[in-house]
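Protein chains in written order, with this note's numbering: chain A, 1 to 337; chain B, 338 to 674; chain C, 675 to 1011; chain D, 1012 to 1348.
Bear in mind the hints are in silico, worked out from the structure with no lab data behind them.
Each pair of labels, with its calculated beta carbon distance range:
#1 D:A1267 <-> B:L667: 41 to 49 Å
#2 D:S1039 <-> B:P589: 45 to 53 Å
#3 A:R115 <-> D:A1267: 25 to 33 Å
Derived pair list, reagent style SDA-like, types lysine to any residue, alpha-carbon separation capped at 25 Å:
#4 B:K612 <-> D:S1048
#5 B:K451 <-> C:P972
#6 B:K419 <-> B:D396
#7 C:K878 <-> B:L586
#8 D:K1286 <-> B:V382
#9 C:K809 <-> A:A52
#10 A:K204 <-> B:P384
C-beta atoms are modelled at their ideal positions from N, C-alpha and C, and glycine is treated no differently.
Number of protein chains: 4
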Amino acid sequence: MITAGIVGASGYTGRELMRILSRREDVSLRCATAHASAGQRVDAVYPSLAGAVDLTFGDLAGPGLDGLDVVFVALPSGEAMKVVPGLRARVGRVIDLGGDFRLSSPEAYRQYYKREHTATGLIREAVYGLPELNKSRIAAATLVANPGCYPTSALLPLLPPLMEGIIEREGIVIDSLSGVSGAGRSSSLEMSFCEVNESVRAYKVGTHQHIPEIESVLSGACGSPVTASFVPHLIPITRGIYTTIHARLTSPVTEAALYDLYDRFYADAPFVRIKRQIPQIQSVDRTNYCDIGFVLEPRTRQLIVLSVIDNLVKGAAGQAVQNMNIMTGLPEETGLR
Amino acid sequence: MITAGIVGASGYTGRELMRILSRREDVSLRCATAHASAGQRVDAVYPSLAGAVDLTFGDLAGPGLDGLDVVFVALPSGEAMKVVPGLRARVGRVIDLGGDFRLSSPEAYRQYYKREHTATGLIREAVYGLPELNKSRIAAATLVANPGCYPTSALLPLLPPLMEGIIEREGIVIDSLSGVSGAGRSSSLEMSFCEVNESVRAYKVGTHQHIPEIESVLSGACGSPVTASFVPHLIPITRGIYTTIHARLTSPVTEAALYDLYDRFYADAPFVRIKRQIPQIQSVDRTNYCDIGFVLEPRTRQLIVLSVIDNLVKGAAGQAVQNMNIMTGLPEETGLR
Amino acid sequence: MITAGIVGASGYTGRELMRILSRREDVSLRCATAHASAGQRVDAVYPSLAGAVDLTFGDLAGPGLDGLDVVFVALPSGEAMKVVPGLRARVGRVIDLGGDFRLSSPEAYRQYYKREHTATGLIREAVYGLPELNKSRIAAATLVANPGCYPTSALLPLLPPLMEGIIEREGIVIDSLSGVSGAGRSSSLEMSFCEVNESVRAYKVGTHQHIPEIESVLSGACGSPVTASFVPHLIPITRGIYTTIHARLTSPVTEAALYDLYDRFYADAPFVRIKRQIPQIQSVDRTNYCDIGFVLEPRTRQLIVLSVIDNLVKGAAGQAVQNMNIMTGLPEETGLR
Amino acid sequence: MITAGIVGASGYTGRELMRILSRREDVSLRCATAHASAGQRVDAVYPSLAGAVDLTFGDLAGPGLDGLDVVFVALPSGEAMKVVPGLRARVGRVIDLGGDFRLSSPEAYRQYYKREHTATGLIREAVYGLPELNKSRIAAATLVANPGCYPTSALLPLLPPLMEGIIEREGIVIDSLSGVSGAGRSSSLEMSFCEVNESVRAYKVGTHQHIPEIESVLSGACGSPVTASFVPHLIPITRGIYTTIHARLTSPVTEAALYDLYDRFYADAPFVRIKRQIPQIQSVDRTNYCDIGFVLEPRTRQLIVLSVIDNLVKGAAGQAVQNMNIMTGLPEETGLR
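Take these sequences, add in the hints, and give me the full structure.
Put into structure tokens, the structure is as follows:
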């Protein structure tokens, strides 16, 4: 029996973690903290969890987390780095779902997150939790930085052709469309129904904090610098990310060769499905899958790759549980089908 | 040329008023005040009005409103009663789009609006601005209380059969579905996209402030007490109200006789359309129409009446402009087709 | 191991059945037939089932169904009664998810379904599959008529106060709002995105085939005639039904007494949750729960009851699996949490 | 008074044309044909036009179109080329809203529209109706090919920097998101509410018929070949196109210089608004505007340009009326504010 806790459990990611973990008989969710909701029952805040989660939101300072095998940190970026150092002394393993431990460079952190990193000593210890890339390192880690939702949707389709040298390492274009839950459970005017419904807007063009995450993971995997232009768009759906990638081919390639490459690359990855058709978001709704499809465009010498994930599952809570499985020696798909 | 102003113009009703008035060549919108947005250009807050409204949000205390022919007050209920008394000395006519002057009873106001009325002297002067009921009184008024969105959608279908004695005066059931813009431009968690999308919830069941408005107007029109049970529901659309009414027939009636009654009752009402089919919200989107349809159910001796309006137009800004037209001696449909 | 099959599996109800059954280790889904899709792989039609259902759509005439323990029939009403008689000789138990075996009166069937019933001999054998009402009869049945989605949402909140004599048996008003999946997987213009989005429409007012189902079940449970007026509305969500019920109280009752009644009535019903707040659709999304709340309105002497279900789960596939569990001697909640 | 007619008026583009034209006092809409709906009143098919359009759908063969000043053809591509040659003898000017006369090359037409062009003689006569590019030629034309919705959204942001040589002519990436009305009023399963809602899908990647339209107009304007990769996506909104463009800078440029270029280029274009913020679809909903914003990304040496239009207005009916205004000597914005 794995004992687990969640810090910052009152947001959508926390709810999704509770939903996934509550279904398992081999995991015991012992504690869920939430600053603003402390003292309220979980099912009062989330009626859908009535009957599934019998907990009251606790406080980080309380003893509820002490000694747990795994603690998920679902705090906003900037908050996690204040909490994780102390937490590591109290629990076995920490999986941080925010951005604080994803970048190896404190300078990049400062530039994109607009604040100074205050736990730089832990940056090197943290393993980037993309199981399809780092499985063995995750298995040995006690601190995992769970990837961002956009990076997950961009890295999985880009890694095979980039590492194989099939596409150029610069000039990559990534346009992503995200459901609104990606912005968290928030009460801003911008995320109110009337402002989002029947509309679309791009945001943080050229400045999004997921840019250095994407570029540094790709560069690390390729062993040389990769640059990519990334534009996120907010669209009126609750869940899901659609990512469309354009990259220039280094030399002509056949469709069959590419399918072969992708199929081999992800032969042992239970949550990546290489599709022979254009992916759509509905196919991965509430699942931990990333579906990938592609089109070769000889006219422009481009490879167009398209991917879909559920931002709250493969883009957050599901991937975190996948990491927990790996860290605790379980098959990575346990409880995620 | 009618000179006009808007107090509290930064909400959705204010925007809709600006949109409607800016199209007219016989109206000059001179001033739009907005406490929180004072000093900002209107088209910075509402990019869709770029090129149409060349104004900067002003302050209520400034001289911009002085001497205007008509001022629309689009403040939240409770705010208008603080402002309207002073405003009447400065301008020709006031049309209040909130709830402060709709109820003739200060006691009912206290009970349903949960506060004391502070301008009771004006309650008797205010004319309830439902043109299809009160046209001549509106023409003579200098203070009009523009009806609520739900009451507009319920009163228009109920007045003919009730005043004709075809349905019983008690046991009336009104179930309404409203788009989210009815809640105003707000940043509450409850109105955030993810909380509203793919969901429905009823609210203020039995306690909504439009209950006494509906009952008192119906009672006044019938000359004896009418009671109705009203349940509003929030649904994931931006604009529109769908109202379904159930009432018991006092005696058998034919469909033909009912159509005849409705057609005659609204023969001179340019914005009420009696339909031979079930209404749908799309038909009235961004129009000042109220579409009404009905079904007789002999099995249960009930009359079922269904109506649709755009809550921001016939339910708010459009009806206010209709009232302005009547108050200033213009054909009531001017600028509203 | 229960062996199971689905006839008419290519619609949304069929997909939901496959989704629910594929998660179970104690059920083996052996056959899924679909006339138009016969020969196609299930995961080609429904990419979301890739990896979960490894079947090709078969044909009803093939041997795939022979000898199975339970067969779900998810055909349109009118088709099931042609198929079920022959099917019963081939399989152990049949659960029909359409309307053909829900009404005990062939006359009512003719009136509301607009066709002659051709398997009247089976009507008496079929047990109405509302587990909260008929659990022991379901356990003994070999043919179950799974309730309609609207009736499920109306019967569960109405049964306790009606059977207890707290509300009147006539004058009941039921207004329901349904997501579009209730209309099935169809390519009609009326269900196209642009016609449904940002709109609402009532339909089949006074003529819907669920009216006699609701009235006959309520009348049977009360032992005397119950009449109800029912208006279904189509709203722009994919899943979910919101039902608002108005009924006249026979005599005054306290809120506490009513909660007590409901709590007792459903004490052994694992999928009915009596809420102390107004229900919302999101709380039951993709679950087999029916959430019920109510408001007493002394002013109008009415009881207002509100319920929510997921129309594809408790309103169709989930309830069918609940019935399968009962018919095969399993705990009714098996595989449905 | 301009006399006007519409061929193929029962689709969404036809409805939008009727909505726009019916507001004008200087245009008399005399005839609307629709094959499948012939004989039905327009307001029976479109209740929202009740009171605005007093016409019955006619037949193309009838005399209703003879002698009209302007006829809009809103038929599917492939149908228009059968009809336009004969129509030109009967009416003064023809504006075709489909794709049949947009490409100057019959070979490109065959490749992308998958059929042979049968009116090649008219291709050279037709003027491409993008007013911001071809105003004087449109003024003299009797046959105008109204641009596609996607091309309108891509050409307006691309023309200034391409013609000025600021961006490279190859490697351009265009990712567009479109509302569902762009697919027309159709009853396909793919466009049904449940298949579109809460999902996104790309389609016709690398094969969309708007690719040669975009490339040929850009190449013509620049005087040398331009290639672009274009990926359209279907998203769950009714109206609107969001286009995100990535292009490589030929040499460094300042933001100020770019704003200056755009502002000058569109100084006389009443429907192009150059924004200092990221555009959003809501800002142009039901308007004829194209809003354009951009971001310079020095890190990747890219220019990212973003544009929004309402696909049924600037992307179809509104632009067609703009063309009609120009062809008949009126100010181009007449009736479009």
